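All the letters of the sequence shown, read from the start, carry residue numbers 29 to 334 under the working numbering.
Simulated from the structure, these hints should not be mistaken for laboratory data.
One or more of the hints may lead you astray.
Listed below are the simulated SDA-like cross-link pairs for lysine to any residue, each with C-alpha atoms no more than 25 angstroms apart in a straight line [to be verified]:
id : residue 1 : residue 2
1  : Lys82     : Asp142
2  : Lys265    : Phe239
3  : Lys265    : Pro303
4  : Lys82     : Leu135
5  : Lys30     : His79
6  : Lys52     : Phe77
What follows is a list of derived Cβ distance ranges for each label pair [as the list claims (entries may be wrong)]:
id : residue 1 : residue 2 : range
7  : Thr88     : Glu149    : 50 to 56 angstroms
8  : Leu78     : Glu149    : 49 to 55 angstroms
9  : Val105    : Asn46     : 38 to 44 angstroms
10 : Arg202    : Asp181    : 48 to 54 angstroms
Note that this is a predicted model, so its numbers are computed, not measured.
Note that CB positions come from ideal geometry on N, CA and C, so glycine has one too.
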Amino acid sequence: MKLRQLEYFHEVIEQDFNISAAAKTLYTSQPGVSRQLIELADELGVELFLHEGKRLVGLTRAGMEIAEIVARVLIDVRRIREIGRSIANDRHDNLKVVANRHAAHNLLHHAVVDFHEMMPEVNVTVSEENTIEAIAMLRVGQADLGLLAEGPDQDPDLLYFPVEEWRLLLVVPRDNPLRRMPMIGLEDLAQYSVCSYETMAPSRLVIDQAFAQAGLDSPVNISFASSHLILQFVNSKISVAIVAESAFSAAEYPNLCGLDVTHLFRPLTTDLVLPRWASPPRHVFNFLSVLAPEITPTTIGDAIGS
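Using the sequences plus the hints, can you model the full thing?
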């Protein structure tokens, strides 16, 4: 069995069983493709295709099972070739990461430090972007990977792997009446001026959605890009705030108090986002090994092929 036979078999399927179209894509002749398919079927001892006269119209049951395996094999072959090219061309690579502010502050510090010890020759750049801008950069190859809070939709040209679940927290001055309530409701929050994230931030969308579903107008009327600015504002007792739970430290803000509102707002997910069109180069895999070791080359390869 030859790799070329598997490649021809796979391409014929990709071209809707049109051998002529497959031959054109493979830069070979139609008789050459037909011959390789016949030799593959003879070696396996099974019919791979359904026929109507001389025309291929589909796969046999055996052909369908074999086609699934062949697709995975070819993904692995491509990955092997890319690893070889990466090692052969070992050079001062660049790693460009795009991240939302929350992910950059919570997930990247230790990963970048550990990665720099592993591959000090690689230049690492972390760019804080909103989700829409980050997606655009990943699509056109301006970034190698993204750490992004969930968006309203997932781009089909990208791969998404959840790496963190996080929640929102209500932060109020210590003398605020909300602190004495046993169970805070959306109706209670609606009576206050609320400070939170900018309109297009994923966390803000979750907040506004919760109020809309309850038939209430969102009380968020003061917006900042960063948790630090939001908490500074609330520290002046002008309003209350809704921020990422990890952003608030009682030691840093002794005059403020964090209150549980997980019953009001659903949790959010931070995704690791990669381009779908190619297996990542070696230095990206090495970065993933310290950032999210559960996301392996096999995990990514399976996702690319799905």
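Verification of the supplied hints:
1. Lys82 with Asp142: Violated - the C-alpha atoms of Asp142 and Lys82 are around 59 angstroms apart, more than 25 angstroms.
2. Lys265 with Phe239: Holds, at roughly 23 angstroms.
3. Lys265 with Pro303: 44 angstroms, violated
4. Lys82 with Leu135: Outside the cut-off at roughly 58 angstroms; violated.
5. Lys30 with His79: With a Cα-Cα distance of about 24 angstroms, the restraint between Lys30 and His79 holds, given a limit of 25 angstroms.
6. Lys52 with Phe77: It holds: about 20 angstroms lies between the C-alpha atoms, which stays within 25 angstroms.
7. Thr88 with Glu149: 50 to 56 angstroms: Given a distance of about 51 angstroms, which is inside 50 to 56 angstroms, the answer is holds.
8. Leu78 with Glu149: 49 to 55 angstroms: 53 angstroms, holds
9. Val105 with Asn46: 38 to 44 angstroms: With Cβ atoms ~23 angstroms apart, the hint is violated.
10. Arg202 with Asp181: 48 to 54 angstroms: 40 angstroms, violated
When each numbered hint is compared with the structure, violations occur for hints 1, 3, 4, 9 and 10.
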